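Please arrange chain Y with the ligands on chain V, whose structure you already have, making use of the hints.
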Amino acid sequence: MASVSKLMESRRLLMIILLGALAWSLASVEWKDGVLHTRGISALGEISGAIFKLDLSGETLGKLLIAAWRTVAYAVAGLSLALVIGLPLGIVGSGVLNSSANKRRTVQTLVRFILGFLRSIHELVWAWLFVAAIGLSPLAAVLALAIPYGGILGRIYSELFQDVPEAPLRALRNAGASEWRVFWYGRLPAVLPELIGYTFYRFECGIRSATVLSFVGLGGLGYQIGISLDDLAYGRAWTFILGLVGLIVLVEAWSATVRRKIIL
Amino acid sequence: MQPRSASLNVRPALAVSVEGLTKRFGITSAVNDVELFVPPGQAIAFVGPSGAGKTTLLELIAGSVSPDAGRVSLYGQDLSSLKPGRELASLVGVVAQQYDLVPNLSALQNVLAGRLGAWGAWKSILSLLAPRDKPLAMRALERVGIAGRAEERAGRLSGGEQQRVAIARVVVQDPKIILADEPVSSLDPARAEDVLALLVSIAHERKLTLIASMHAIDLATRYFDRLVGLRNGRILFDCPASDVTRTDLNALYKIEEERGG
Ligand SMILES: Nc1ncnc2c1ncn2[C@@H]1O[C@H](COP(=O)(O)OP(=O)(O)O)[C@@H](O)[C@H]1O
Ligand SMILES: [Mg+2]
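Chains as they are written, first to last, in this note's numbering: chain V, 1 to 264; chain Y, 1 to 261.
With the rest of the complex left out, here is chain V:
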């Protein structure tokens, strides 16, 4: 009973701290100049109005195609490499291949640390680092995407593999299957639809990340949007933005089809 009231007390304390932090952060924003100055408001109106003046010239559409292709290519290459990083780390980090509890805990802690490190740094930061190290090359974009996404995928995969109903796995062990066979025949099929769905979802995020990455100067949709805004060519910017939306919708549709078809 004592521990329950203690818990309630610490919860109340946490609530007060959080509310305090919120108040402090609101207070520390500079409100006195107004969130939007008048020039800003008129620019915003101009930009949003431009959605009805899309630039559909052959030149822009051609650029859109190339930029979209590049963005997708970065995302595909980055996510493929992320899969190569995340899947093995996820399997090992789940600890399901270790039969001794001690070893399992050690491996889980170690891999969780590695995965945490990989994903705690944003892809944009990785991009700066890689551009500084190897210059403006597609490899920099791909690596910048692959590392944090590898960490994210590995984390989720390891949780998926841990969270599989025991009864079928026990049946496989009773049939003489070793732990990795139990993994291959029991755990993987059990989580595969979810694993594929989640990977596709992250691929979608990857396309958006690749778009942002191109602001670093790596080319792609984000780069084109940036140039258009610099040129004050808002209609052209909208063409690229809607291209990005179309891309995401396409990936979503593709993901749904694949998920529906997956039956072993």
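Everything labelled a hint here was simulated from the structure, so no lab data went into it.
Incorrect hints may have been included.
Mimicking BS3-like on lysine-lysine, the simulated pairs with C-alpha atoms at most 25 Å apart in a straight line are [claimed, not checked]:
1) Y:K207 - Y:K176
2) Y:K83 - Y:K207
3) Y:K123 - Y:K83
4) V:K261 - Y:K134
5) Y:K83 - V:K103
Sample of chain V residues lacking proximity to chain Y, with all beta carbon distances greater than 10 Å (derived) [as the list claims (entries may be wrong)]:
6) S5
7) G45
8) N98
9) R112
10) S137
11) W184
12) E204
13) I227
14) G235
Source: prediction; values computed, not measured.
In this text, a Cβ means the ideal position worked out from N, Cα and C, and glycines have one as well.
Relative to the frame of chain V, chain Y with the ligands by itself:
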């Protein structure tokens, strides 16, 4: 009572011998000093109220739980000396109550999983992508009467069909002893009898030893050679199914009836 070393020599042909077996969970003795000798080819059923220790005793014999005292031998070999995996799986197969198929795999793949202990690494890996030993699995599915459902996802099969797949899997595994923990208690009565009849006749035609725990006493009496009544982890009676009396059964279920009333 014979000395332990002698019992090995005197009964080398026993499929299962259990001596002084005890398993405790905290203060409860789930299985308490149990002796049991089962000749090959016999069909024997554990009966008794829930919590009697039937599941624990089966798990001890399957080697998936280790005892606090006593020992289990299978065909004269000490269970604790058998390696889990291939060696154990060639002796003992298990049919559970239900929900132990991999739902996302086809019925065929679930049956083939019975070969995982026997297969080498490459065959195990490949088979998930392109089924190996398919004729073997198809014959087993035919024997249990659902060859037509081979390509169906296991999760989409009915309860009775799932149990048939589980039986086909153990057929393909090809052990000498089958342990079945309430194999039909999740099925409706008509289907339960069909599936039980199938399990018993397969054990019989392959000369396998069958040890099951049974909830339905009438099914147990009709389909098994021998009944072992368990209560509070101890054997209350152990005799041919036809010799079990009303008095035996009353004594067996007494506690539960009092609680229920
Ligand atoms: N893993 C476990 N942890 C704690 N107690 C258990 C465990 N398994 C079984 N028991 C206890 O052991 C006794 C026998 O259980 P069980 O073998 O499942 O009986 P039955 O199968 O006859 O219903 C019960 O009192 C049960 O609560
Ligand atoms: Mg039970």
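Right, here's what the structure says about each hint:
Distance hint between K207 of chain Y and K176 of chain Y is fulfilled; the C-alpha atoms sit about 8 Å from each other, no more than 25 Å. As the CA atoms of K83 of chain Y and K207 of chain Y are separated by approximately 24 Å, the hinted pair is consistent with the 25 Å bound. As the CA atoms of K123 of chain Y and K83 of chain Y are separated by approximately 21 Å, the hinted pair is consistent with the 25 Å bound. Of the supplied pair hints, the one linking K261 of chain V and K134 of chain Y holds, its CA atoms being roughly 23 Å apart against a limit of 25 Å.
A C-alpha spacing of about 21 Å is found between K83 of chain Y and K103 of chain V, which places the hinted pair at or below 25 Å, so the restraint holds. Distance check for S5 of chain V against chain Y: the nearest CB is about 30 Å away, which clears 10 Å, and the non-interface claim stands. With a minimum CB-CB distance of about 53 Å to chain Y, G45 of chain V clears the 10 Å threshold, and the non-interface call stands. For N98 of chain V, the condition that its CB be more than 10 Å from all CB atoms of chain Y holds, with the nearest at approximately 15 Å.
For R112 of chain V, the shortest C-beta to C-beta distance to chain Y comes to about 27 Å, beyond the 10 Å cut-off, and the non-interface label holds. Non-interface status of S137 of chain V relative to chain Y is upheld: no Cβ of that chain comes within 10 Å, the nearest being about 36 Å off. Not every CB of chain Y lies more than 10 Å from the CB of W184 of chain V, the least distance being 6 Å, so the non-interface label is violated. Listed as outside the interface, E204 of chain V is consistent with that label: its C-beta sits roughly 24 Å from the nearest C-beta of chain Y, beyond the 10 Å cut-off.
The claim that I227 of chain V lies off the interface holds: its Cβ sits roughly 47 Å from the closest Cβ of chain Y, which is beyond the 10 Å cut-off. Listed as outside the interface, G235 of chain V is consistent with that label: its C-beta sits roughly 49 Å from the nearest C-beta of chain Y, beyond the 10 Å cut-off.
Hint 11 from the list above is the single one not met by this structure.
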